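2 protein chains.
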Amino acid sequence: QIAEEIYAALPVEGVLSGLKVVITAGPTREAIDPVRFISNRSSGKMGYAVAEAAREAGATVVLVTGPVQIPTPAGIERVPVETADQMLAAVQKQVADADIFIAAAAVSDYKCSEVACQKIKKTSDNMTLALSRAPDVLATIGRSESPPFLVGFAAETENVEANALTKLNSKNLDMIAANKVGEGLAFDKDDNALTLYWRGGKQELTLNSKSALARQLVSVIAERYRSRGKS
Amino acid sequence: QIAEEIYAALPVEGVLSGLKVVITAGPTREAIDPVRFISNRSSGKMGYAVAEAAREAGATVVLVTGPVQIPTPAGIERVPVETADQMLAAVQKQVADADIFIAAAAVSDYKCSEVACQKIKKTSDNMTLALSRAPDVLATIGRSESPPFLVGFAAETENVEANALTKLNSKNLDMIAANKVGEGLAFDKDDNALTLYWRGGKQELTLNSKSALARQLVSVIAERYRSRGKS
Numbered sequence: 078q079i080a081e082e083i084y085a086a087l088p089v090e091g092v093l094s095g096l097k098v099v100i101t102a103g104p105t106r107e108a109i110d111p112v113r114f115i116s117n118r119s120s121g122k123m124g125y126a127v128a129e130a131a132r133e134a135g136a137t138v139v140l141v142t143g144p145v146q147i148p149t150p151a152g153i154e155r156v157p158v159e160t161a162d163q164m165l166a167a168v169q170k171q172v173a174d175a176d177i178f179i180a181a182a183a184v185s186d187y188k189c190s191e192v193a194c195q196k197i198k199k200t201s202d203n204m205t206l207a208l209s210r211a212p213d214v215l216a217t218i219g220r221s222e223s224p225p226f227l228v229g230f231a232a233e234t235e236n237v238e239a240n241a242l243t244k245l246n247s248k249n250l251d252m253i254a255a256n257k258v259g260e261g262l263a264f265d266k267d268d269n270a271l272t273l274y275w276r277g278g279k280q281e282l283t284l285n286s287k288s289a290l291a292r293q294l295v296s297v298i299a300e301r302y303r304s305r306g307k308s
Numbered sequence: 078q079i080a081e082e083i084y085a086a087l088p089v090e091g092v093l094s095g096l097k098v099v100i101t102a103g104p105t106r107e108a109i110d111p112v113r114f115i116s117n118r119s120s121g122k123m124g125y126a127v128a129e130a131a132r133e134a135g136a137t138v139v140l141v142t143g144p145v146q147i148p149t150p151a152g153i154e155r156v157p158v159e160t161a162d163q164m165l166a167a168v169q170k171q172v173a174d175a176d177i178f179i180a181a182a183a184v185s186d187y188k189c190s191e192v193a194c195q196k197i198k199k200t201s202d203n204m205t206l207a208l209s210r211a212p213d214v215l216a217t218i219g220r221s222e223s224p225p226f227l228v229g230f231a232a233e234t235e236n237v238e239a240n241a242l243t244k245l246n247s248k249n250l251d252m253i254a255a256n257k258v259g260e261g262l263a264f265d266k267d268d269n270a271l272t273l274y275w276r277g278g279k280q281e282l283t284l285n286s287k288s289a290l291a292r293q294l295v296s297v298i299a300e301r302y303r304s305r306g307k308s
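The listed protein sequences correspond, in order, to chains A and B. Under the numbering used here, the first residue of the first sequence is numbered 78, with each subsequent residue one higher. Under the numbering used here, the first residue of the second sequence is numbered 78, with each subsequent residue one higher.
Incorrect hints may appear among the rest.
Identical chains share a label here; the pair holds if one copy fits it or two copies do between them.
[To be verified] Below, simulated SDA-like cross-link-like pairs (lysine to any residue); rule was C-alpha separation at most 20 Å, straight line:
1. LYS257 with TRP275
2. LYS279 with ARG305
3. LYS97 with ILE153
4. LYS170 with PRO224
5. LYS248 with SER201
6. LYS257 with PRO111
7. LYS257 with ASP110
8. LYS257 with ALA108
Derived from the structure by calculation, the hints contain no laboratory data. Given the structure is predicted, the values throughout are model-derived calculations rather than measurements.
Isolated chain A, as found in the complex (with noise of 0.2 Å):
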């Protein structure tokens, strides 16, 4: 344990050598009243891959988490956050000064309109609840002045190579890695597959575990972003 924390701790020669990565993993909450919430499937096994291994590759890595069971990853400066807000609060204060943001999270993508001050009483068969955007985390950086590179994520049930394209373009990424949910692939599995999207390019990065894809995917990104300059 120590002689990892020492390890972490020393300068690593890497392709991200130099750089400062901040990385969002996990789900997010939104209290419907002090006791429930809404919230979503992503164990965060993704994002803190990619987050060990863009250390691994010489980076500063920042983590900002929701609620996970995963211990915090050596050498790696972890955020607990809980809600989508909190999370963009975050990432905002972190990016100012980072040069690739990667967004593994599953920001939630609604909250409760008006939370509740005390636990709903189950008075009545029916119960609708009204629900607003909550922020859109990747697409609120894209949007700022003079962004990262910025790499997201797409789980889709369905059209996964138009909705990833989509929202490459439409939240202003630099790369998009894309992957099929459900059938038993991603959610709070070991092993999941990608596809990774550019402004004129494609790679696939087939079924392994999610620690080695995220090597790979730390290697693609490093790659892209020296040659961003460039083209």
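Please arrange chain B on chain A, whose structure you already have, making use of the hints.
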């Protein structure tokens, strides 16, 4: 580990010797779509502590549990479920030959009226979720022909005693364990405080570790269970 399992498999002399106790623990999750769900902040710690205490007291214990991050205590049969409907089905099967049912789970009160088959696209700024009542596991067992000794929990943000007594009567319980939530109490904490109510009696269990509280609770349940026929 092995010694622990052998020990746990041995018959134990205790206040619940020879009795089958069914316990629910943790939250339930109700799907909004294949990715999103509604849940609550129950950690399952109290239910798991009660299961362990009941086993220590000599009972045969079946633990019907929602998704939590706690290892199964030795010598306990664990039945994992996700939704309120699944929890009800598992409990109905288990209570048929049970002597005591302790409902420590935080079962969702509402479920989505219609589960979307594809991930909902966030096309509009606002959205309403139509919810209908999920089954009330404890009340359903309370209405059955010859229910076991029934113990409920009431986590309340206000009017703890009044709400607990209403629940005791309306759900046909033999005992209810009430606590106040909010202000750092109860959910996801290791400490808790409970007030036990039954028809004609009441007992305070002051702030303590959940495992100590669970042992006290089991001892009061055993006492009330044994004197049930005599009142």
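Hint-by-hint comparison with the structure:
no.: 1; hint: LYS257 with TRP275; result: within (18 Å within a copy, 52 Å between copies)
no.: 2; hint: LYS279 with ARG305; result: within (15 Å within a copy, 71 Å between copies)
no.: 3; hint: LYS97 with ILE153; result: within (11 Å within a copy, 48 Å between copies)
no.: 4; hint: LYS170 with PRO224; result: within (12 Å within a copy, 57 Å between copies)
no.: 5; hint: LYS248 with SER201; result: between (41 Å within a copy, 17 Å between copies)
no.: 6; hint: LYS257 with PRO111; result: between (33 Å within a copy, 12 Å between copies)
no.: 7; hint: LYS257 with ASP110; result: between (32 Å within a copy, 15 Å between copies)
no.: 8; hint: LYS257 with ALA108; result: between (28 Å within a copy, 19 Å between copies)
The structure shown violates none of the earlier numbered hints.
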